[in-house]
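First to last, the sequence lines map onto chains A and B. Residue numbers 1 to 245, in this note's numbering, belong to the letters of the first sequence in order. Residue numbers 246 to 740, in this note's numbering, belong to the letters of the second sequence in order.
Hint data in this document are derived by calculation from the structure and do not stem from the laboratory. Just so you know, not all the hints are guaranteed correct.
[To be verified] Lysine-lysine pairs mimicking DSS-like chemistry, simulated, CA-CA at most 25 Å apart: (1) K52/A / K147/A; (2) K576/B / K493/B; (3) K222/A / K389/B; (4) K222/A / K185/A; (5) K143/A / K96/A; (6) K121/A / K389/B; (7) K96/A / K121/A; (8) K52/A / K10/A; (9) K638/B / K666/B; (10) K305/B / K121/A; (11) K585/B / K601/B; (12) K143/A / K341/B; (13) K296/B / K386/B; (14) K107/A / K12/A; (15) K292/B / K411/B; (16) K203/A / K341/B; (17) K121/A / K264/B; (18) K666/B / K601/B; (19) K222/A / K203/A; (20) K341/B / K389/B; (21) K496/B / K576/B; (22) K411/B / K264/B; (23) K341/B / K118/A; (24) K411/B / K389/B; (25) K217/A / K264/B; (26) K222/A / K341/B; (27) K292/B / K217/A; (28) K264/B / K118/A; (29) K428/B / K305/B; (30) K638/B / K139/A; (31) K411/B / K147/A.
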Amino acid sequence: MFKAIIESEKLKETIEAVSSIVDEAKLNLTPDGLTIRAVDPANVAMVSLTIKSNAFEEFTATDGELGVDLNRLSDIMGMAEKAETVELELDEESHKLVIRMSGLTYKIALLDPASIRKEPKIPQLELPASITLSGNDMKRAVKAAEKVSDHITMGVDGETFYLEAEGDSDRMRLDMLKDQLIGIKSGDAHSLFSLDYLSDMVKSAGKANEVTLELGKDFPVKINFQIAGGSGEVNYLLAPRIESD
Amino acid sequence: MPAIVIGLMNAKPLEWAEKYRPRVLTELAGHPNIVKELLGWGQGWEKGIPKDRALILYGKPGIGKTSAAFALANQMEWDVIELNASDQRTASIIQKVAGSASMMGTFDGTSGRRLVILDEADNLHGNYDRGGARAIINVVKNTKQPLILIANEFYDMDSALRLACKPVQFRVMNNTTMVNVLKSICRQEGVMAGVGVIEQIADNAGGDLRSAINDLQAIAIGKHELDVDDIVTAPRDTRETVFRAMDKIFKASDMRSAQEAAWHVDESPDNLINWIDENLPVGYTDERDMSAGFCQLSRADQFLGRVRIRQNYRLWRYASLFMTGGVAAVKTRNYTGYNKYQAPQFWKKLGQTRAKRNIRDSLAGKIGGICHVSKRYARSDLIWFFKHMMNSKEHAVDVAAELEMNPDEIAFLLDTKASTKKVKTIYESAQQLIQARVEHDIEVFGGFTHTAPVDEHQLELDLIEADNNGDADEPLEDNIASKGDTKNQSSLFDF
């Protein structure tokens, strides 16, 4: 059983955070809220998202899982106004998701959860360095790098967080000192990442007030931030690129 | 921690072929040398990026290529991703998935290894997988992770791809190996097999272990003891090369065996007819047989035409019957010995003659327009007549002028090149004739009014005058230039 009412903005944020990684996802429902874990087809990017029941105006669910085509859902959510509330309900008889918004009712077919790629195990990583900065700064840094290259190096030097991008002929470097950041924990960190994936991730992360990055040397990056007004959390994990010799 | 193997370790596989798929390379049956080679390659990756970054595993279906790739990954504790024919494989998808997977480390960092498997790499589907082959070559060249391509036919792949990878050939399983595998499955499933049962199943499968396991499972459903009489599955259809089928068709002693030869080939009748067409003169050396054979082929072709027009594919069966059984039945003597068959030149020739066919079609359009017949009729029934007229000094120029032919078209009808003097002379005289006619028209009709129609003629006249030097491209330029003059726009260089 599943029935929920939520502000359309919060739902859109939630879908966007996952749809930047995968097209189809399994929604795990519990009485306390919902979680999604997914890994992209190339096995290089992972998302783990939790929305607590208090993000919803109303939330009742029993344990279960729903297979959802995220593109389809986000397309339909485009019909909802900003301040509107959206009602979601599982029609158990037809196994369809009913979406209601100001007089409009959709019934969308669900996917068989068994047909969706298996949820990944979240690896336990202890990463030495951690940086907290505003989402907007993060977005700007990625945008700046995209102008010269398709990959970016992120690292920590003392108490400075640096980002470097090197294209065929052009370079970009951005230094962020301690006072420009919300917080920094120094550590040995220097890894290369694909901008393709990062720019997808900052689409969501860029809207958050605080984004925490965890970095290591030639290790994946963890990107954590809150959504849905603090009642939801997104954790991205992105594998590093292998540097050319 | 074992690697995450997608689609392999699902909860409860129903098929035995899946259930008993080897988990590690040492369990792989029948290919001891390949196991050694793969392990060596895998260990090479632990030390850094080896010389051969990509392998092509090729061989018949059902003999363990995909199993070997997954088992290698499992044994090396590598992460795996697989793209096969059930995924769409356009250039952008391959770039995004296989490209990213082969350039990036794992969630364990840059030293983590991920095996990228491109299954059915010889089976990219035209438009659906547009640009896929080239994208695969790109991925192969730039990969920083182990890459395995899997294919049935090595030579169905692009040569650039074949050169970029190290080939590993999987040979057909021998019966003893298959019998051992089947017996071990029987033991684990608690099935008692009578004397000869397993041997018979293995024999029927023709070296395809997966088929053999499927057959065994089909027979064993709901039984604990198997008897030879329980074997209800027929020998497996084996796929044959089209060359073997050619031989069987031309040497068949009855219609039935010729037809069966065609069933085992993976070609549709509209492709197969080109093969038979190409090789009939090779197979039938007796002229009467050859001509009778082509007669049958033309009957088959009529049916193919009907299929095309009516979109009724049931008629394919008649086309097939004529092109295989029909061809086999008309021969007057038996042919023996080795024949060297070759692939049809039809498609290649179509490509080579495209330019010429375009000229023919534009000419047919002009003839059709003037004779009030269809382009198709003009092409098949009237062109020869115009050829004849063009070869007579008397009519050539008139005809060329009437049809406003360009030098290419004149050359086509004269069976020479557009650059020859003969073509040039006819073309120039024809252009003069056209010009004279236009001038005459202006004289006759031009006096009445000085409005738009006259201007139009004037423009055409300019064009024709400039055209006298015989080059098709020039008049347009001259025309533009003369237009520019009338505008009276001075340029900076005038001062």
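Hints, one by one, checked against the model:
1. Distance check on the hinted pair: K52/A and K147/A sit about 38 Å apart at the alpha-carbon level, beyond 25 Å; violated.
2. About 13 Å separates the Cα atoms of K576/B and K493/B, which keeps this hinted pair within 25 Å; it holds.
3. Using a Cα cut-off of 25 Å, the hinted pair K222/A and K389/B holds, with the two alpha carbons roughly 23 Å apart.
4. A C-alpha spacing of about 14 Å is found between K222/A and K185/A, which places the hinted pair at or below 25 Å, so the restraint holds.
5. This hinted pair does not check out: K143/A and K96/A have alpha carbons roughly 39 Å apart, beyond 25 Å.
6. Annotation: proposed proximity of K121/A to K389/B holds, straight-line Cα distance about 24 Å (limit 25 Å).
7. Of the pairs offered as hints, the one joining K96/A and K121/A is violated, with about 28 Å between alpha carbons and a cut-off of 25 Å exceeded.
8. Note on K52/A and K10/A: the hinted pairing holds, with a Cα-Cα distance of about 12 Å set against a maximum of 25 Å.
9. Distance check on the hinted pair: K638/B and K666/B sit about 14 Å apart at the alpha-carbon level, within 25 Å; holds.
10. Among the hinted pairs, K305/B with K121/A is inconsistent with the structure: their alpha-carbon atoms are about 36 Å apart, more than 25 Å.
11. At most 25 Å may separate the alpha-carbon atoms for a hinted pair to count; K585/B and K601/B exceed this at roughly 31 Å.
12. Proposed proximity of K143/A and K341/B is supported: the alpha carbons are some 20 Å apart, at most 25 Å.
13. Restraint check for K296/B and K386/B: satisfied, since their Cα atoms lie roughly 11 Å apart, inside the 25 Å limit.
14. With a CA separation close to 18 Å, the supplied pair K107/A and K12/A stays within the 25 Å bound.
15. Of the supplied pair hints, the one linking K292/B and K411/B holds, its CA atoms being roughly 19 Å apart against a limit of 25 Å.
16. Of the pairs offered as hints, the one joining K203/A and K341/B holds, with about 18 Å between alpha carbons and a cut-off of 25 Å not exceeded.
17. A threshold of 25 Å between alpha carbons decides the hint, and for K121/A with K264/B the separation of about 23 Å falls inside it, so the pair holds.
18. Taken as a hint, the K666/B and K601/B pair is honoured in the structure, with Cα atoms around 20 Å apart against an allowance of 25 Å.
19. A threshold of 25 Å between alpha carbons decides the hint, and for K222/A with K203/A the separation of about 15 Å falls inside it, so the pair holds.
20. A hinted pair counts as satisfied when its Cα atoms are at most 25 Å apart, and K341/B with K389/B qualifies at roughly 15 Å.
21. Note on K496/B and K576/B: the hinted pairing holds, with a Cα-Cα distance of about 9 Å set against a maximum of 25 Å.
22. Only pairs whose Cα atoms come within 25 Å are accepted, and K411/B paired with K264/B is rejected, the gap being roughly 30 Å.
23. Straight-line distance between C-alpha atoms of K341/B and K118/A comes to about 20 Å, which keeps the hinted pair within the 25 Å bound.
24. About 16 Å separates the Cα atoms of K411/B and K389/B, which keeps this hinted pair within 25 Å; it holds.
25. Note on K217/A and K264/B: the hinted pairing is violated, with a Cα-Cα distance of about 40 Å set against a maximum of 25 Å.
26. For the suggested pair K222/A and K341/B, the alpha carbons sit about 21 Å apart, so the restraint of at most 25 Å is met.
27. At roughly 19 Å between alpha-carbon atoms, K292/B and K217/A fall within 25 Å of each other, so this suggested pair holds.
28. Of the pairs offered as hints, the one joining K264/B and K118/A holds, with about 18 Å between alpha carbons and a cut-off of 25 Å not exceeded.
29. For a cut-off of 25 Å, the pair hint linking K428/B to K305/B stands: about 22 Å separates their Cα positions.
30. Our distance criterion of 25 Å between C-alpha atoms is broken by K638/B and K139/A, whose separation comes to about 79 Å.
31. Proximity of K411/B to K147/A is assessed by CA-CA distance (about 38 Å); at most 25 Å being required, the pair is judged violated.
In summary, the numbered hints that this structure violates are 1, 5, 7, 10, 11, 22, 25, 30 and 31.
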